[in-house]
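Peer 1: Chains as they are written, first to last, in our numbering: chain A, 2 to 432; chain B, 2 to 432.
Incorrect hints may appear among the rest.
The list treats identical chains as interchangeable, and a pair is accepted whether it falls inside one copy or across any two copies.
Stated by the list, open to error - Straight line, CA to CA, 35 Å or less: simulated DSBU-like cross-link-like pairs of lysine-lysine:
id, residue 1, residue 2
1, K102, K156
2, K43, K102
3, K90, K43
4, K90, K156
5, K343, K156
6, K43, K156
Treat the hints as calculated values from the structure; they're not laboratory data.
Read off the chains here:
Protein chains: 2
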Amino acid sequence: MMRRLDTSDASFADDFAALLADQREFSADVTSVVDQVLTDVKTRGDAAVAEYTRRFDRVDFAATPMAVTAEEIAAARAAVPDDVIEALKFARDRIAVFHEKQLPSNERFTDPVGATLGWRWTPLASVGLYVPGGRAAYPSSLLMNAVPARVAGVKRLVMVVPAPDGHLEPVVLAAAEIAGVTEIYRIGGAQAIGALAYGTESIRAVDKIVGPGNAYVAAAKRQVFGTVGIDMVAGPSEVVIVADDSAPADVIAADLLAQAEHDEVAQSILITASPTLAGEVDEAVAAQLEVLPRRAVAEASWRDHGAIIIVEGEDEAAALVDRLAPEHLELAVADPDALAEKVTQAGAIFLGAMTPEAIGDYVAGPNHVLPTSRSARFSSGLSVFDFLKRTTLLGLDRAALEALAGPAMTLAASEGLDAHRLSIARRLRAS
Amino acid sequence: MMRRLDTSDASFADDFAALLADQREFSADVTSVVDQVLTDVKTRGDAAVAEYTRRFDRVDFAATPMAVTAEEIAAARAAVPDDVIEALKFARDRIAVFHEKQLPSNERFTDPVGATLGWRWTPLASVGLYVPGGRAAYPSSLLMNAVPARVAGVKRLVMVVPAPDGHLEPVVLAAAEIAGVTEIYRIGGAQAIGALAYGTESIRAVDKIVGPGNAYVAAAKRQVFGTVGIDMVAGPSEVVIVADDSAPADVIAADLLAQAEHDEVAQSILITASPTLAGEVDEAVAAQLEVLPRRAVAEASWRDHGAIIIVEGEDEAAALVDRLAPEHLELAVADPDALAEKVTQAGAIFLGAMTPEAIGDYVAGPNHVLPTSRSARFSSGLSVFDFLKRTTLLGLDRAALEALAGPAMTLAASEGLDAHRLSIARRLRAS
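Chain A extracted, bound-state conformation:
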């Protein structure tokens, strides 16, 4: 029986707290295994990577090259249906256009005391992109990670993807080429993260690693953080839909299930002031589940983590959304813009009942890599900023230095940092 909450119930505060505390992630402790693999790759390079790959993926680099060849990529592309290739290009182009608008400007100005101030954005020199193996390799995720890197100006974009028993999904190789990936290696797991972070004889180290992976990959990314940059470690996906009577129940149900089919621990929540709509959606979910290919997954997600919350009205809905801080927020209401103004915590907002999240997952343009598990309170979806770094600039002439020296020397002295103070005083004394 799916969870149903009502803000007018006496038990609501407790019920909602339980929903917020819903533990959807159980990460196995793989730290010690991962630690050993990373140390081994750092020490022995290619030899270690080859051994782990033989053991875990049953691929022998004595017989198959570690790097995926241009011929393999061409063959993969030829094996993918034309409509999929065209859809990938369509998605790539829209993602690129949207992310180009995010590119920030450099700044440089002279302030009233004559100091030159500013900053400069530069792309990361190299980025590693982890792509999971087998069916978990979503070409759409590959585009969402790779295209913003290319838009930011990253020149070297190194993809790693495990090839269990030698198999690589053709659509993934085709998507990599379309996205502008510059190198591909058929390795995975913690050994691939180690190779990207430390470098081996065959693979030059990168500056940052992005992309989803299993518990081993996630643990390895956490451990190499500092040596290289990493993206956020994503949790299970989630959607909150706020709907009023203007929204068709079957469409709301379809969107709840689109989220639920991802994973047994995905979460779909409907918030509505209409008990009628709530009832209709509940029935529509049950009916649509009957014919869904991924029924088992979607049913478990909806049963174990789904919820319908009955509220008084939109202000209350907005307040609950802010507490949930969902990855995806659909506003299937008559005036979605007005409601969007009341919400401050969400990774992405989908405005109106004609805007299914699935369009955003694939082709709208905004990134589908978004903060999960309430982290939208303090973080944002993937963007060009994840592939840029900022260097600040300061330039002084004697007049500007004289204008700033006094307070700086006062503070240096008050902090007991005399060499700091002297580094300023010495310049003022110089002729």
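Add chain B to chain A, keeping to what the hints say.
Peer 2: Just chain B, lined up with the frame of chain A:
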């Protein structure tokens, strides 16, 4: 004997690799202690925080309130010399002006197919600011962390600072008031991080924690990451100075020592094509060390981690800078702008011999919280972006949905996500 490298030496590649590998951080493994403290604070709240504070800081919350009072702040402010108060305000105002220029714009546009796209930046609702106790509590760092948060629009800015034996530095409380901190609690260590992350009866949980701390604080921040956001865990500070014959040797030496006085594991490196300047700087460092109050620290840093690198010319210097990716880069050369253009990896650049890093540490305006230990390759200094999050927006009408539906459904089908495809198809079928 300080390290001296020369790119014309046969051993240079090895020497430079050794310099890059210079291990300046030895973090004690405090994970299990920290884990226990965090679990205890999460479970028992105020009671646990009070126990740890009594044990570690010898402060009893039965006698002294956990929250610092308005009277204490007023008294602290009265105890700080006027020139220090004025210098703090001067710094605050300049930091605010610089960071206001970083504030990004919201974006909203309609694309050729009629889709509404955009994004919106909102401030984090609440931020915790860790300030170390005793002499390690630098008021300048407090301003550098707090002012950008206030500029970003963060309403609730919660400072924690340990009060060993009940003592709080008056200048730190004064700086907190000047910076716009809204709550102050006299707690520190992992227990303070736990209180900020999980909340207690007295302290509401925050969304992100920033600020420097010891090994326990750093480990605690790493462990609560995910529950809340955290800033980068900073390593020891470092400067690289590229200088030519136009730079006065005594000034270069003073700047090398200003860095070295921070910490025995701070690092100061001079890169120059002039063996003459190199010799003069080396002598000037020795002479200036004689009279430096923090001589022991600066001498150890310069001896153990300092280096002078002799290069052929500016192109070679720029290439080495990029490999070092320093936190601070001073360009004490005739044409610093031209050289700055050749460098891509640095946290902050100081242009010309009249621009001491110490001005940037205190009053210039740019942030002095910068990426250390080569992390400028993939990250940036603290900025308003650390206190903002971005929500992307997508809105479709029927025509826009129809224009995007085909490729999205093709990709959903190719990924085996039928409920995704159906969530689109169902809308197209609806009248």
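Peer 1: All hints, please: hold or fail.
Peer 2: Each hint, compared with the structure:
When the C-alpha separation of K102 and K156 is checked against a cutoff of 35 Å, the pair qualifies both within a copy, at 19 Å, and between copies, at 29 Å. Taking the shortest alpha-carbon separations for K43 and K102, neither the intra-copy value of 39 Å nor the inter-copy value of 42 Å comes in at or below 35 Å. Within a single copy, K90 and K43 get their C-alpha atoms no closer than 37 Å, and across copies no closer than 49 Å, so neither meets the 35 Å cut-off. Taking the shortest Cα distances, K90 and K156 sit within 35 Å of each other inside one copy (20 Å), while across copies they are farther apart (43 Å).
When the C-alpha separation of K343 and K156 is checked against a cutoff of 35 Å, the pair qualifies only between copies, where the shortest distance is 17 Å, while the shortest distance within a copy is 40 Å. With identical chains, the CA atoms of K43 and K156 are at most 35 Å apart within one copy only, with a shortest distance of 24 Å there and 45 Å across copies.
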